[in-house]
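Novice: Here is what each chain is made of, one letter per residue.
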Amino acid sequence: MTNILVEWVIKTVVILLILVTAVAYLTFLERKVMGWIQLRVGPNRVGPLGLLQPLADGLKMIFKEDIIPSQSNKWLYILAPALSLVPALMTFIVIPYGSEITLFGRTIELHVTRMNVGLLYIFALTSVGVYGIVLAGWSSNNKYSLMGGLRSSAQMISYELALGLSIVSVLLYSGSLDLVEIVNKQGGWLGHTGWNVFRFPLMFVFIIFYIASLAETNRTPFDLPEADSELVAGYHTEYSSMKFVMFQMAEYLNLITSSSIATALFLGGWNGPFVGRLPILGPVYFAIKALALIVTAMWIRYTVPRFRYDQLMRFGWTTMLPIAIINIIITATVILLFP
Amino acid sequence: MEKASTIIFIVFAAAAVLSALNILLQRNPLYSALSLIVTLLSLSALYLTLHAEFIAVIQIVVYAGAIMVLFIFVIMLLNVPAVQPQIEKQKGLRYLAIPFAGILIAETFYVVLSIGKRTMPSVPVGTEAQAVGTTWSIGTSLFTDYLLPFEVTSVLILMAVVGAMVLARREGD
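As they're listed, the protein sequences go chains A and B.
If you read the first sequence in my numbering, its first letter stands for residue 1467, the second for the next number, and so on.
If you read the second sequence in my numbering, its first letter stands for residue 181, the second for the next number, and so on.
Bound conformation, chain B alone (with noise of 0.2 angstroms):
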């Protein structure tokens, strides 16, 4: 079983990061929002591994299932040519983003590392339904501890929904 597990792992890991990459490597944009897709289905899976079934499940049906079909219809809409025009390079920029990289590499070794100190707090034994990322974990931690914030993001997008529509509407509707 743990064997069955491991090998589960590598393949979606090898499958996010692959797709991840190809995300970056194609020119055409559906393609490139395709390969996301496939990024969060197999990041989903990555999640059952963990037994967080509600969040897995909800990576697909808000990520993969509504947002990215939003992507891909705007980049159908637009129909992108072909041939992509040259975008006009900044050359100041370029010289900026290797040191940038530098800081993103340096900090994600730093990560990797102090984590491989630690040792992994072992998982809680209880009931299935007690686990981290079921259903009834998330809701009930969402409606108690984690209330206020919950409804403060609420209002946020309520905000964000509305500021779309007032930016959308034309004029003398």
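This is chain A alone, in the form it adopts within the complex (with noise of 0.2 angstroms):
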């Protein structure tokens, strides 16, 4: 007993280390491709290839004057950014690296745990982390920050159906909401053997599926709640300092949340070349997919304008959700002609 939570506070910690390194570094990788794609440099002048930028954007931000506006609700402007950041952590204890690896003579499952409720696991936390956005909108008093956290309720709950629709297709083929097992049923060397992504209505599904996490993780185009045009900066205009930073944490997180569920729904999670004799390229392949779906999260921010708030609803609701239905319908139509 006391074995198993001495592991899972282990992997918990290493997986957390991880994470905020890795959303450090996505902040100076979104930079860097900015400056590819606008045919700049980008960051260069803080170490070796600009790469302790993420150390120095992070001290500076600490030593910022921390702001509370004098007539907002206090307490509820402290607690908001908590509550955008603690479910965007949550979220990675469920989702599967890799198989297993022995290490120390021991047999080390690379995952922290695994529940029959996996995915729907993630969808409750994703929901819950909307509230974070929304009361910091509102306990701001400021209109922009109002409008900002109104905006991202309304877009969250509307993209949430696509997104939840779209997995469905995945759990008629997989039969399983667990995410380990739906990666094992993937099993083999490269997509024709068994990936999700080559199976032929999935195909469809994971663009919708994509798309609809793009809107769900507030990435342009879907960028509405914090259109700097319109808005100043959205939900966290108010904000200074280290509840800024939580805020911009959060958001990575989730983008590499959604990245990670679309590589094990789709891209046969850890899954590759080899992997059955080393067990250890697992985690390697995951990451691997899972950046690649994350640049090209940053390549479509950088060449794609942002929707109109009206377009972005009427795309929501009369384009992505009637695809994901008929999708669905497609896929078990398929699996009952050829079991």
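For the record, the hints were derived by calculation from the structure and aren't laboratory data.
Take these hints with a grain of salt, some might be off.
[Unchecked claim] Some chain B residues close to chain A (C-beta under 8 angstroms, calculated; not the full set):
| no. | residue |
| --- | --- |
| 1 | Leu230 |
| 2 | Glu233 |
| 3 | Val237 |
| 4 | Phe253 |
| 5 | Met256 |
| 6 | Leu257 |
| 7 | Thr314 |
[To be verified] Computed from the model, here is a short list of chain B residues facing chain A with C-beta under 10 angstroms:
| no. | residue |
| --- | --- |
| 8 | Leu216 |
| 9 | Ile217 |
| 10 | Gly296 |
The beta-carbon is built from N, C-alpha and C at its ideal position, and this holds for glycine as well.
Hey, can you piece these two chains together into the complex? The hints should help.
Specialist: Pasting the structure below:
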């Protein structure tokens, strides 16, 4: 019993450290990618190749003055960043990074825990995460913040439907809500042997899922909650110092979560060449696939203009939702006809 | 292990009761709504201690995640002033409240006492997938034993949706 507890604690700490580092370097990567796309160099002054830039940014943010607006609702104002960061961190315990490795004579499964409702657990947390943004917008007592918070909640409710329905098709194939089980069903070398993204209706589902997850994580072209040209900075206009950093971290964590889920559901998770013989390759493949999806999201951010708000809602309800429902019907029919 | 689950039960049961009381005591509707979210989350934790994982997660997704977001959305949009307008009190109703509260309390006592006498049925031994409250067991019973009520409920919800759209529709749209 204590052994399992110790193992959980160690895994959680390791994942937490990796995530925090990953978030710091994603901000760096984001600026680099932006630089390449706009034919610039990007940050290259701090350290070799600019690699120490996230460290400098972090130090700068810590020493900024922490401002709490006098007319704000103080308690909710302080609570809001935590409410958006904590659920974002909690999702990572069910994501499988690899199969099993043997370390110091112990077989260690490369996921913190598995539950038979793993996927729904992630959905529950993302739906709770919206409160952070909504309360930040409301408690700031600023009209731009409030608009950002309201837009964000409306957007998340609308796109959660398409996201949830697109996953149903995957569940029909795998017959389980457990992410480990879903990845196990996609075993094999490369796509043609089992990745969900190469099966007939699921490749379209993947596109729907990816678009909806971009909207869920408030990435461009769906970043209406923080549209700088209309809302200054949206829900975190009034925030400064580490509270602002917490929102930024939550945003990048959500990006990592959505990419990881897409990897596990559609791209075969940790599966890849030689992974059966060398299980340590699993996390490497997982990281490569997730990173590819993250870079794609950045690429989209700097090439596609932002939606107008009514276009966004119409797109969600009249395009994404029907396609997701039709996909379920097609998938069910295909499974019924060709078991 | 037994002890740990008892402690977890006490913590979350206390949280559920206290936040439920807070819903009633708060003047600000936003605080009441937030307390309700805490109540729902604590209830979901209690479901988890009963190994009803699916119900626990659905509780969060549907109630805490979707319905309460809409509540808060409406409260924020209406932007209720901090000073509450005095609600016109109807004197007659106040006197009616006392017997009703008495009936409710008596009913609660009756239920609690009758539970105390009964012995709990032993938990059915089976595989994890067959336990009550998991995705498998709920899905199976929804689509076999309770198919008709399930379908009728969905028609009912569809009617509610259509009704809401008809009511919300502006003239000349």
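Novice: Give a verdict on every hint.
Specialist: Hint-by-hint comparison with the structure:
About 14 angstroms separates the beta-carbon of Leu230/B from the nearest beta-carbon of chain A, more than 8 angstroms, and the hint is not met. At about 5 angstroms, the closest approach between the beta carbon of Glu233/B and any beta carbon in chain A falls short of 8 angstroms, and the interface hint on this residue holds. Here the hint on Val237/B is kept, as its CB sits about 4 angstroms from the closest CB of chain A, short of 8 angstroms. A cut of 8 angstroms between beta carbons decides the hint on Phe253/B: the least distance to chain A is about 5 angstroms, and the hint holds.
Against a cut-off of 8 angstroms between C-beta atoms, the interface hint on Met256/B holds, since the closest Cβ of chain A lies about 5 angstroms away. Among the interface hints, the one on Leu257/B holds; its C-beta lies about 7 angstroms from the nearest C-beta in chain A, closer than the 8 angstroms criterion. For Thr314/B, the interface hint holds, the least distance from its beta-carbon to any beta-carbon of chain A being 6 angstroms, beneath 8 angstroms. Interface hint at Leu216/B: violated, since its Cβ lies 12 angstroms from the closest Cβ of chain A, which is beyond the 10 angstroms cut-off.
With a cut of 10 angstroms, the hint placing Ile217/B at the interface with chain A holds, because the nearest CB-to-CB distance is about 7 angstroms. The beta carbon of Gly296/B comes no nearer than 32 angstroms to any beta carbon in chain A, farther than 10 angstroms, and the hint placing it at the interface is violated.
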